[in-house]
Each structure stands twice: as structure tokens, then as C-alpha cells.
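*Asks:* Generate coordinates for the entire structure from the input sequences, incorporating the hints supplied.
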Amino acid sequence: MSEEFEPIIVAFCCNWCSYAGADGAGVARLQMPTNFRIIRTMCSARVDPEFILRALSKGADGVIVLGCHPADCHYIGGNYRARRRIALLRLVLEQYGFDPKRLRLEWVSASEGEKFQTTLTTFVDTIKALGPTPLVKEGQ
Amino acid sequence: MTKSALVIGGGIAGIQASLDLADRDIHVFLVERLPTIGGTMCRLDKTFPTNDCSACILSPKMADCIGHPNIDTLTFHEVVKVEGSAGDFKVTLKKKARYVDPKSCTACGDCLAKCPSKGIPDEFEYGLSTRRAIYIPHAQAVPRVAIIDAANCRMIQNGKCGVCLKVCGKKAISYEDKDSEVVVEVGSIIAAPGFQPWNASVATEYGYGRFKNVVTALEFERMMCASGPERGHIKVPANGEDPKKIAFIQCCGSRSEKQGWKKYCSSVCCMYATKQAMITKEHADVQEDIFFMDIRSYGKEFEAYINRAQKEYGINMYRAARVSNVDEDPVTKKLAVSYTDSEGNGTSQEYDIVVLSIGLNPPDGAEEMSEILGIELNQYGFCKTTVYKPLDTTRTGVFVTGAFAAPKDIPTSVAEASGSAAKAGAYIVDENFQPCAPKQYPQEKDVEGKEPRIGVWVCHCGINIGSVVDVPAVTEYAKGLPNVVLSEQSQYACAQDCLEAISNAIREHDLNRVVVASCTPRTHEPLFREACKNGGLNKYLFNMANIRDQCSWIHMHAAEAATKKAKDLLRMSIAKAELLEPLVGSEIPVTKEAAVVGGGITGMNAALDIAAQGFQVHLIEKEKELGGFARNFHHKEDGKEVSEFIKETIAKVEKCPKIKIYKGAGIKDIPGFVGNFRVQLTDGKEIQVGAVLFAVGAAQYKPVEYDYGKAGNVVTLLDLEKQVAEDKFTGKNVAFVQCIGSRNDSVKYCSRVCCAGALRNAIQLKMKDPTTNVAIIHKDIRTYGFREELYNKASSLGVKFLRYDSDAKLPVFDGKSVRAYDVILGTDVELPIDTLVLSAGMTPLRAEKEELAKMVKVPISKDGYFFEAHQKLRPVDFATEGVYVAGAAHWPKFMDECIAQASGAAARMLTIISKDKLVSEGIVAVSNTELCDGCGVCEGCCDYNAINIIVGDDGRLKSDVNPGLCKGCGCCVASCPAGAMEQRGFRNKQIIAEIDALLNDYQKV
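Residue numbers (numbering that gives the first Met the number 0), protein chains in the order written: chain V, 0 to 139; chain R, 0 to 1004.
Derived from the structure by calculation, the hints contain no laboratory data. These numbers come from a predicted model, not from an experiment. Just so you know, even glycine gets a beta-carbon here, dropped at the ideal spot from N, CA and C. The reader is advised that the hints may include incorrect statements.
What the hints assert, rightly or not - Computed beta-carbon distance windows for the label pairs: (1) K170/R x E49/V: 45 to 55 Å; (2) E2/V x G126/R: 42 to 52 Å; (3) E240/R x P69/V: 27 to 37 Å; (4) A70/V x Q495/R: 37 to 47 Å; (5) V91/V x G939/R: 14 to 24 Å; (6) A70/V x D241/R: 22 to 32 Å.
Unchecked claim - Okay, derived cross-link-like pairs now, DSSO-like style, lysine-lysine, Cα gap no bigger than 27 Å in a straight line: (7) K767/R x K262/R; (8) K2/R x K657/R; (9) K853/R x K591/R; (10) K591/R x K438/R; (11) K438/R x K914/R; (12) K57/V x K988/R; (13) K651/R x K623/R; (14) K563/R x K127/V; (15) K383/R x K792/R; (16) K563/R x K57/V; (17) K57/V x K478/R; (18) K383/R x K635/R.
*Replies:* Dropping the structure here:
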């Protein structure tokens, strides 16, 4: 393949902070790569590790979960739970020989359009550097 | 006929007052003279002391307000005449010409881009950027519609142009628009016009307007703000470079006798300057110096904030005399700030930017408004109020809230705004009161067991989506997706015509799912859900794909990839929609009575406000008599003894047929939830109520300093007041020591009330006998707002002011004299003393609060006071719905503040107990009892205590979700190891459907 590798990334955003931050990036017309698709949940704690595994097994090259900053969770402490779950899942992924860099957790507040932009841009770069997911063979 | 209420001013105070009235089913006219609501708050970047993003916390309130069926938000209107009297006002409003029909305008922005009349200073940005003659006031504007500035419009002025009309796809523009009059009939009026920032050019010595790098705090706020003209990159105005040193000059326009300055303290500047310094520091490593006279961090967690700014952020605080002047280097444009250092020497430092912490003036047009409303102003030009009736103006039926009564911060304004709603409501709710009827919708169609029939609308949003994403291709693509029976494109999906088309198509095409691909559900989902309801479809059968904010706007130069992304997003949205189910929030019955715990000033006033609207109140007091802590007061406020006021209030409460008093009553437990609490008393009584208020107050700190209690000549403020009142005080040489039990290592906060208390007593001693020597030894004098008067008066009467820094350096008292540092002489002085008065702070009665807190699962702050749901915008609410806090139980405060906050809590409680039933949000968690094995993981992870493990009918343990308490975060769902827990609207299979829809057919480029 001569063309540059264009990964596909699933981004889970919580309704109150990071989804709003993504909208904020739009309002400010901050430009970024097109490689991600956002799935909205009410809280980052709603993101079941199963969703992440599902996305990875179906060929997503990376998954990013975005929540409210620590102590800012709309639901008191959901983001802390998300943090624990993602940390554990990264360990599990690593033990199965899967590069945990393909799963990231970040905090983006409703006002941080710019942080949304840089976070996603950097993550796309990271995934590009890692190359296509090993879970789906070429041509499949 | 039931009257409406009128709220004047669409800032945060006006919005909150309107929402509380509307949620109590009273119709409201909210009048704002500007084209949008939001006031000053929507121009702020962050808010202290939480550093919350201002727009983020305000936007939902603005959306609630504009979308509320009981509120008519009349922007760009002004009150011109008020006739009649309380209960029956006739108010004439001027509807100002907007030249754009707000109903047709979709805020696409096409006109803004083409208007040839450019370079007009943008008022919203305080002139830091420019706009055109037709403009949308700002990015978060509510209502988000364009307006023409007639004075700068070429068409309106010269009849030559008309470009905006030509490019407007909706033909929303009318150059012939004229001002018109509207008459409304209202029962009561709330004035919330806010404040006007002090005009900094009066301070010629600071060079504002002459030196480019001298900016006001509000301009600096816009410079800091991510949505501001510089997108949050703070630059030196003169050369666009990154600043290295910034100075903040406090009390600019405040606390001075100078011509054009104000004598009062503006109450908020110490905190906002500190906030600005902290946020700036988070952006970049800048040296920041704050020049101040006294740091006034008297509010909840303010003291900790100031300490953090210094210790963690390294912000320098210069306790100095006022900055005398600012000079500019004509070449480098750097600014020299001249001031007197702590040793009394004149000195100077150079800065890149100087921020003037400007004070708060009465709102523009306050005098005219006072004439129209028939209300009096005080000597400073603010609305006149009294300590005992802080929300009443001088005219019956007209109330005041927010900064119009005195400079104040946002939480105080919000609590008072709710309070004014309670007061105003009482003039509308009488025996003939008809609550606003809920809107009627057509019967919802039954979709149970039916194949999905999905209708899709893809929006061009003018050119916002259409110029990047190939909308016709996306629309065509959707037609080929399973279960899609209709796919249409729309110029503006949110416009009235498309909304009606959606409602009609639901009937005509028998749609049972609707998907719109347009902007963000955060702002527009309610609108489309409403269209579904109008078409007879359950609102939860709607789904949205965000192809504007999260696609066309961020991929403007990648049309092809953006179109592919839009198709993916739409496919995902449709896949989820197929699996959506109709949801009904569960109905929770409400006991229409209230419990008020605490029979002090706060509790009694809250009880009276609730009873005034016809609801039964249970007032529970642990002591044998009512009156609370204020029974210790022996002074007058506004010429009336506090004891007299308490006596009158107790008489009112005892006479009120709607208030049942329980004296000497302890509380054992408060099981239940919003609308359904059972207050169990220690004597075995049980009271059923819909809402509970904690007004349990605080107490005076009992000093251990200076051998208090043993040494006869050491007394507290309250002791002194009592002795003076009983004419037993004979002291001739009196010194007050401030901050006893406050602002030290064990009690870190400021008790707020002691400075004014000491000054009041010092003045009294001096007035009684001018030969009495009185000294006040303090850390800072914190007479915020109009209380500054006390400081000025005491100074003019010859009260001496001495300082000490910390408890390690407590003034030394040997029984006969006290040693302390004289700021003016710059040396320690020794004063002969016969009475040492300890200004003892407030102590929170933490143990008592913790007991109550456990019963309803509400938090206690680290200082031992109750911790509200949100420090800024929900000051009297708890995160636990149906439970409220007011008065000193929330934080130390003055009597007028307690009374206003009591009314605020009453209004919030009325929004609950005036309802027959509450409807919970539909997206709650639900447990599948077949799969649940009662492990309890979900129970442990629910922060709202909405889940209980109970024994089922079959004797097995299972999880039980209380939909009344569930907030729908879905945390428990992800935690359930059995897959038994589900979240309606966000079921596992629905989210997985989105993932699969994206990846099953994903074609990598």
C-alpha cells in the first residue's frame, strides 16, 4: 500500500465535559484529523471495558476514553472509577501482548476545545506510529 | 385571573429567579434590555473559588430559561412604565427593533460574513475585538439569533446595501422593524439589573485609556477566556508578546474619598484578581504581583484559595499603601508601578501588563429605573434595602436581587435570586391561584413489537455543514440503510418548518424512530425531542448524529473524509436508534409539606416564606425556645433592636396556622428521598415531608487564648455587647483582638462577621464616651460592601488600628497593657488596657452537622459546614435532591444574608413541594432480576445511594434501583459482573450497536 495508513479510532466522550469540549473545538473551528468517531455516554464510568474490547476486536486501531477532570465529574466520582477501570484494562491488554498505548484515558473539560484538539491529534499520531491494529489481518 | 411575575434583568440573578418561579408553576416575563441573556457572568472566563468555567456552568441555566414553557424571555425589551399596586401591576415594556425576526433566524452566520459595515467595537468583548453591523452577540448567545445595530447599518441609515437580506436564506431580515410597546399584567416584580463596572478612566493616575498595557479586570477576563478574542492566549496588548510580569492593582474605584471613586468596598475584587492571577499562572510562567490594602477573602473557602494562590502558585501579595501611580516607558511600553512598600518607602517596579481591579457601580439607568418602579435608592445609588428585609424594596410587591442591592458575588446573588422568587411568588399564589398548566401533547403511538421505521433528516445548516460535507450524498446514503423509510435533507433542521415536517412525517409515514444529523444534542436534542412529542412519538425514540460541531467544523479542509465520517456517524446513530425504546420517567408522589430543622432567624424566615404560599411547615428546634444564636445579640440594625425583631418573628411563626413547631426536639433519622422524607424525632414522632431544610446554624468559638474565662478583663465581643447593653461596662482603655479562633492553623477560615462586629462595638464605645481609648488589632479589616462605612466611621472617631500577622505573633497582653505593631508608625507600640475584647470567630458545630449529614447522605466541607451541591450556582441545594441548607449552617454570615438565603432555600423547597408528583429522568439504571445475583458491586459504586440490595420475593438477594434517586450516569452498569444492570437509553446492546455499525463495514482509506 502506497497510501499513508489512516487509522480508525473510537472515542468515548462523557456528555457533560469531554463531549462538550469536542463541541467547543468545533465552535472554535479547531482543525484536526478525521480519524476518530465519537460515541457519547452520560459519564466516562458508563464505558464498560467490554465496549473497548469489542471495538479493538472489531478492528479499531485505537480507543480513547475522555472524561471530566478529577473532582469535576458531573456525577460526583464517575471519572475516578473510569480511571481505575482503564488502568486495569491496560494491564490486561499488555499481558495479552497488546500494546496498551492503543488505549488512552484523558480529561477534557467542557471549556477545553483546544485540549480536545491536541489530545485527539496526538493520539492519532501515536496510533499512526504504531501502525494498523494487529487484531485484524490485512484484507480482512 | 392568576397573574404572572416580572423579572427585570437576564443575568444570573434574573435567570435563577425566573427558573425558581417557573418551576413553582408561576408564569414569568423575563425582560432583558440587551439582545441576549447571561449578564456579566457569561463574559467571565472562570469563577472563584472553584475555577469552574463560567460559560460551562451558566449555559445549561440559560438553555433551561429560554426553553422553559412557563418563561417568556423578552430580550431587547425595556420597562417603561409601571402602574397599579402589589398583586395587580400593569407594566408597559418597550420592544426594541431588532431588524431580524428571531423566530426565523437560524444563526447560520451567512449575513455576518457578508455585511460590509465592519470594524465596530464588540461590546461583548469590551471593545477588544470588532464586529459588523449585523451580528450575533457572542458564541454562547441565548437566544442565538442575529441583530442589526441600526446606527451602523448602511441600509437603515442610507437605504443603500441590503446585502444581509440578500444572503439570508430564511429572509429573516426586516429593515422596516420599529420599536413597539407591550403591556403585561403581573402580580409582583423582581428587579435584577445587576451592576455597571466602574469606569477606569476616572483613575487618570493609572493611565487607563492612555497606556495600551493597562487593562481592566473585565478586559483581562476576556483576554484569558478560551472563547475570547485571543482564544485564551494572554498577550501584551502593545506588542503581542508573552507577558513576563503582571501587576494587579486592587480597590480601583473602591474604598476611597477621591472624586469619582466609591467609598464602599466592591466585595468581589480581591477574589477575582486572585483567580485571574492563578489562571494566568496555569497558562504560563508569569510573575504576578497583587497590590492590595486588605485581602477580603471572607466567603466559603476563600481564605484557603488565597493561601493556595500564594503558596502553591507563587503569586506575590503586596500589602502596601495604595499604588500611587502608573507610568509608561514611551519606547518599550512597559509600565512602572509606584507604591509604598511595607517599610513605608516609596518604590517602583516594572510590568508588562497592569490589570486594574475595578469595582462595581450601580447599574446604568438605576435612577431612571427607581423612578419607573417607584423604589428608593440608597446613598450609593444602589437599591435601598434593610437588614431585616434584605430582598424588599421600598415598594410593596417589588423585590430586588443580585448586585443591584449591593456589590456581591455569584453564589450570594443566586441564593438571593431564589429568595426573591419566594417573596414575589407570595403575591401571586393566593386562593385563586392557577398553576401553569403543563403542555398537552398528542397521544404517544404504541411502538411495542413494531419493526423500526426510521425517518432521517440531514441538515445543511446553511453552509456550516453543507460547504464541507456532501449533504445530498449523505442523505442518499441513509436511504440505503436498514429500516430507513424516509431520508430528507434540510437547509435548517432546527427551523420551525423542518420541526413541523418531522412532526407531520411521524404521522404520515408512520415513523417510530427519528434521527437528525446536524449539530450537537447538548443544545438541540430538546428541540427535536419536542418535535417528536408533537408528532405523537415518545421523545426517547429520537437520536442525533453530530456532523457539524464534531465533523464539518473541525475538518473544514477535508471534505471527502468529512463526508465519509458524516456517513459513519449517521450509520452509528441509526443503528442505535433501531434499538431505542420508549421511556417514561417514573412518577414519584410528593408529600406537599416541608420540614425546617433549626428555629433560629434562618429557620423561622424560611418557614414563614413557605407557609406564605400555603404549604404546611414543620419547624423543629432542639432548644426549648425559638430564636437561635441571634438571641445573644444586643445591638440595633436599621434603628431596631435585634431582640425586638426576634420577638416579632417568633410571634409571627407561632401565630401562623401553617407552621407546626416542635421545641426541644431531637432528630433520630431522616429516611426517604425527594418528595418522600420521613423525619423521625427522638420522642418517636414521625413527620412526612417532601423536602428538608437544614438551618441549624453555628456557634461562637470559645476562646482558650488570653486565659479567657479566668481573667476578668478579657471578654468576647458578645460579652462586651451584653455588658454595654446592661450599662455595666466601665472600661476606658479597650483593645479588640481580631481573628481569635479564625484564620489560624487549626481554624483556617475567616469567620466573616467579626470585623464588622468589632467596629460596631468600637463605634458605640466612642460615641458613648469619646475619651475612651479604643484600638482594633487585626490581620485585615474585612468590612466588605457598604460595611466599609463602619471602618470609615471608626477611623474618623479616632479608633486606632494595629496589625498582627499570625497566631504565632498574637499581641502580648500582660493584664495591664497590650503590645502590637502599629502600621503607620512602623513599630511596636504598647497600649495601656483595662479591657481586652476577643473577636471570637464562628465554630461550625461539626458533630451535630455530621449526624444530620449521615441521615440524608450529604457532605460536610473540610471546615465543618454543610457542603452544597455547587458552590457557585446551587448555593442552597445539596446533591441529594429535596434537602437544602441555609444560614450559618452553610457558612458564617450576617443576619441579612441569613434571611435572604432562608428565602432562597424556601423557594427551592417550594419547587418540590408545590408539585403533586415528580417525574424522574427516563435514562435511569434498571436491574434484570433474572440475571442479578445480589453481589452488591453496583450498590457500592453508586454515589447517589440509589441502589439497595434487597431480598427478593424468592428469597434471593437482588439489586433494586430507586429511579427517584438514580441520575443516569451508568456507572453501576459498567460495574455489573453479571450483566444484569442496564441503563435505559444507553443499554449495552445500544452502545455495542454503535461500535459494530462503525466497524463491521468500516472501509479503511
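*Asks:* Taking the hints in turn, state whether each one holds.
*Replies:* Consistency of the hints with the structure:
Checked against the hint of 45 to 55 Å, the pair K170/R and E49/V passes, with Cβ atoms roughly 51 Å apart. With their beta carbons about 49 Å apart, E2/V and G126/R fall inside the hinted range of 42 to 52 Å. One distance hint, 27 to 37 Å for the beta-carbon pair E240/R and P69/V, holds here, with the actual separation near 34 Å. Taken as a hint, the range 37 to 47 Å holds for the pair A70/V and Q495/R, whose Cβ atoms sit roughly 42 Å apart.
The hinted window of 14 to 24 Å between V91/V and G939/R holds, with their beta carbons roughly 22 Å apart. About 29 Å separates the C-beta atoms of A70/V and D241/R, a value consistent with the hinted range of 22 to 32 Å. For the proposed pair K767/R and K262/R, the alpha carbon gap of about 25 Å is at most 27 Å, so the pair holds. In summary, the hint linking K2/R to K657/R is supported, as the alpha carbons are separated by about 24 Å, within the 27 Å threshold.
Between the alpha carbons of K853/R and K591/R the distance comes to roughly 24 Å, so the proposed pair stays at or under 27 Å and holds. Distance hint between K591/R and K438/R is fulfilled; the C-alpha atoms sit about 22 Å from each other, no more than 27 Å. The hinted pair formed by K438/R and K914/R meets the criterion: a straight-line CA distance of about 15 Å does not exceed 27 Å. For the suggested pair K57/V and K988/R, the alpha carbons sit about 15 Å apart, so the restraint of at most 27 Å is met.
Distance restraint check for K651/R and K623/R: the Cα-Cα separation of roughly 18 Å lies within the 27 Å cut-off, and the hinted pair is therefore satisfied. A distance of roughly 19 Å separates the Cα atoms of K563/R and K127/V; the hinted pair therefore holds under the 27 Å criterion. Proposed proximity of K383/R and K792/R is supported: the alpha carbons are some 20 Å apart, at most 27 Å. Between the alpha carbons of K563/R and K57/V the distance comes to roughly 19 Å, so the proposed pair stays at or under 27 Å and holds.
A hinted pair counts as satisfied when its Cα atoms are at most 27 Å apart, and K57/V with K478/R qualifies at roughly 25 Å. Restraint check: the Cα-Cα separation between K383/R and K635/R comes to about 18 Å, which is no more than 27 Å; the hinted pair holds.
Of the numbered hints listed earlier, not one is contradicted by the structure.
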